[in-house]
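> Spelled out, the chains give:
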Amino acid sequence: MSEVAASPIPMPAKRRGAQLAMLAFAVAIVMGAYANVGLAIDGQIPSGMLTYGLSLGGLMLAAYLVLAKFAPWADPLILPLVTLINGLGLVMIFRLSESDSTLPSAKLASPSSQLLWTFIGVLLFSLTLIFLRDHRALQRLTYTAGALGLFLLVSPLIPFLGQEINGARIWIGIPGLGQLQPAEFAKLALVVFFAGYLVAKRDVLALAGRRLLFIDLPRARDLGPVLITWGVSLGVLVMQKDLGSSLLLFGTFVAMLYIATQRSSWVIIGILLFAGGAILAGMVFNHVQQRFEVFLNPGDPVLFDAVGGSGQLMQGLFAMGSGGILGTGLGQGHPEIIPLAFSDFIFAATGEELGLTGLMALLMLYALLVERGLRTSIAARDPFSKLLAAGLSFLLAWQIFIIVGGVTNLIPLTGLVTPFMSQGGSALLSNWILIALLVRMSDAARRPPPQAIQNEGMTQVFQR
Amino acid sequence: MSELTLLLIRLAFLAVLWFFVIAAVGVIRTDLFGSRTAPAGPRKSAKPSKPVAKPKNKKGEPRQLVVTGGPLQGTTINLTETPITIGRANDATLVVSDDYASSRHARLFPQDGQWIVEDLGSTNGTYLDRSKVTRPTPVPLGVPIRVGKTVIELRK
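Residue numbers (UniProt numbering), protein chains in the order written: chain P, 1 to 464; chain Z, 1 to 156.
The hints are simulated quantities; they were obtained by calculation from the structure and are not laboratory data.
If a hint is listed, it holds; no wrong ones were tucked in.
So the derived list for chain P, only partly shown, Cβ under 8 Å to chain Z, looks like this: (1) R15; (2) M22; (3) F25; (4) G32; (5) N36; (6) P76; (7) L77; (8) L81; (9) L84; (10) V199; (11) G329; (12) L330; (13) Q332; (14) T357; (15) I378; (16) P449.
Here are the computed lysine-lysine pairs in the BS3-like style, where the Cα-Cα straight-line distance is at most 30 Å: (17) P:K69 / P:K14; (18) Z:K156 / P:K14; (19) Z:K132 / Z:K156; (20) Z:K149 / P:K201; (21) P:K107 / P:K241; (22) Z:K132 / Z:K149.
For clarity, every value in this text was computed on a predicted model and none was experimentally measured.
Glycine residues also receive a C-beta, built at the ideal position from the N, C-alpha and C atoms.
Modelling step: build the complete structure from the supplied sequences, incorporating the hints.
This is how it looks when you write it as structure tokens:
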């Protein structure tokens with residue numbers, strides 16, 4: 001952190017012109033991608049291009065106007081980056097629905113519903129910015145947020161409300177509206193809770209303890225919070241069979257603990273606890289064990305044909321392989337062969353059509369988004385926003401790592417969405433709220449110090 | 001659609017995608033590499049509207065306040081003509097959450113091209129280098145000011 005302090009940081013400008021230009025650029029790229037899909041599949045520009053492009057453009061213009069009014073000092077890059085990633089997801093889903101095959105990946109892909117969810121997402125983004133004028137109000141809700149997060153996390157287990165889909169009990173049905181994944185919203189509430197809790201307790205977690213060899217060990221009784229989070233995330237793993245959320249939750253907590261205390265022993269303790277838990281779960285529970293076998297031998301023919309075997313993973317790898325460096329081009333590959341190509345495997349589907357070059361650009365977009373979040377954290381002036389911004393950015397980065405790592409078989413595959421790209425309402429909504437929180441905090445961090453009316457240097461009045 | 005056209009479209013699309021990434025990095029390059037020209041524009045245009053005429057950026061005049069120790073380490077605040085308050089209160093410029101700091105702990109304000117630190121009646125005191133601040137004292141460049149566990153200093 002001290003290097004940052006040493007380099008001169010200029011007075012942040014609003015950069016609203018740059019933001020608008022980048023936003024227009026992002027929408028133009030998305031419209032170009034729509035045209036490309038249509039040209040490749042039907043030989044003509046698709047009739048839906050103007051509808052999709054203009055509605056996306058109008059939506060983002062509205063989001064921009066809300067941002068310019070309610071968070072004028074916000075970071076200029078966050079919104080354009082999210083717009084482009086969300087738009088590329090829309091294009092991929094549109095492209096899957098356009099393919100004339102009868103495979104489920106093509107039939108279940110629904111660009112219109114995804115556009116509707118994007119609309120609701122931007123609406124929530126705007127409402128969050130309008131009503132949450134000072135993010136520090138969240139600090140007062142620390143324990144409320146914790147309770148809410150826990151409740152949302154266990155809500156799928158409630159009889160009649162919860163539903164089990166694809167082997168994971170992570171959904172609740174809302175009559176007339178469909179299903180929601182409450183865990184997606186629980187993540188946000190829990191990060192708010194972690195931030196508020198760690199601001200209050202970090203001194204004791206950072207200072208007490210003794211030194212053993214090279215690491216500072218905390219006291220045994222300070223292990224409480226990390227053990228409780230570990231227990232909850234293992235509970236999620238066992239009761240809901242949701243490997244992804246479990247890893248996401250625990251990893252985020254350990255990262256925030258490390259950021260709050262700057263003590264590497266917490267990371268070591270966290271990794272040991274999770275590894276122990278995962279190995280235990282792997283021995284006891286069948287579905288975890290199966291994931292590990294698939295991870296270790298994805299090419300095994302028996303596993304390839306088995307239900308819940310490596311077929312999906314291998315199809316994803318084949319897709320990325322046939323994409324190669326430059327990809328097959330939008331609309332010219334066969335990503336619909338991958339099961340769930342519109343949700344969990346949208347990264348592999350994108351890889352087939354845009355190739356390594358496109359995937360790297362996509363990862364760069366994600367990396368820049370996370371970088372803006374961490375930059376907000378460094379610039380923030382109070383400890384709660386520092387931790388909250390860092391926690392939210394880490395949550396985003398960790399989620400991308402888990403799903404991209406899973407799809408590329410770097411780590412065992414867990415069902416998580418690719419933020420802003422995968423088809424699915426809950427994740428899109430919660431991620432738009434996450435972005436609204438980051439925008440709110442970056443506005444506060446980049447805003448110049450409050451102007452004081454000076455009266456001979458003695459009395460001052462603050463306006464906020 | 002001929003193969004060649006599609007090939008060209010494909011390459012062009014990837015190029016445009018990367019151009020977006022590069023343009024995005026361009027927008028934030030002042031953050032990444034520091035800047036020589038960009039900050040001058042908005043500041044200069046803001047200055048003449050200020051009613052108080054001050055000597056502009058004399059040599060040796062501090063430009064920013066840097067937190068060098070404590071939980072907020074790494075934070076920088078650019079100095080304008082506005083006084084800076086430090087404390088636990090939410091309306092302070094630098095909000096420290098620290099059991100050893102008071103709500104309104106200390107204040108820094110510019111006077112005749114110098115920055116002055118003043119203790120606002122805090123419980124545990126404000127220290128300039130190693131001496132306790134008992135009355136408004138000028139702050140030289142690079143000398144640490146201690147407020148609770150937070151250490152700040154002025155830099156060019």
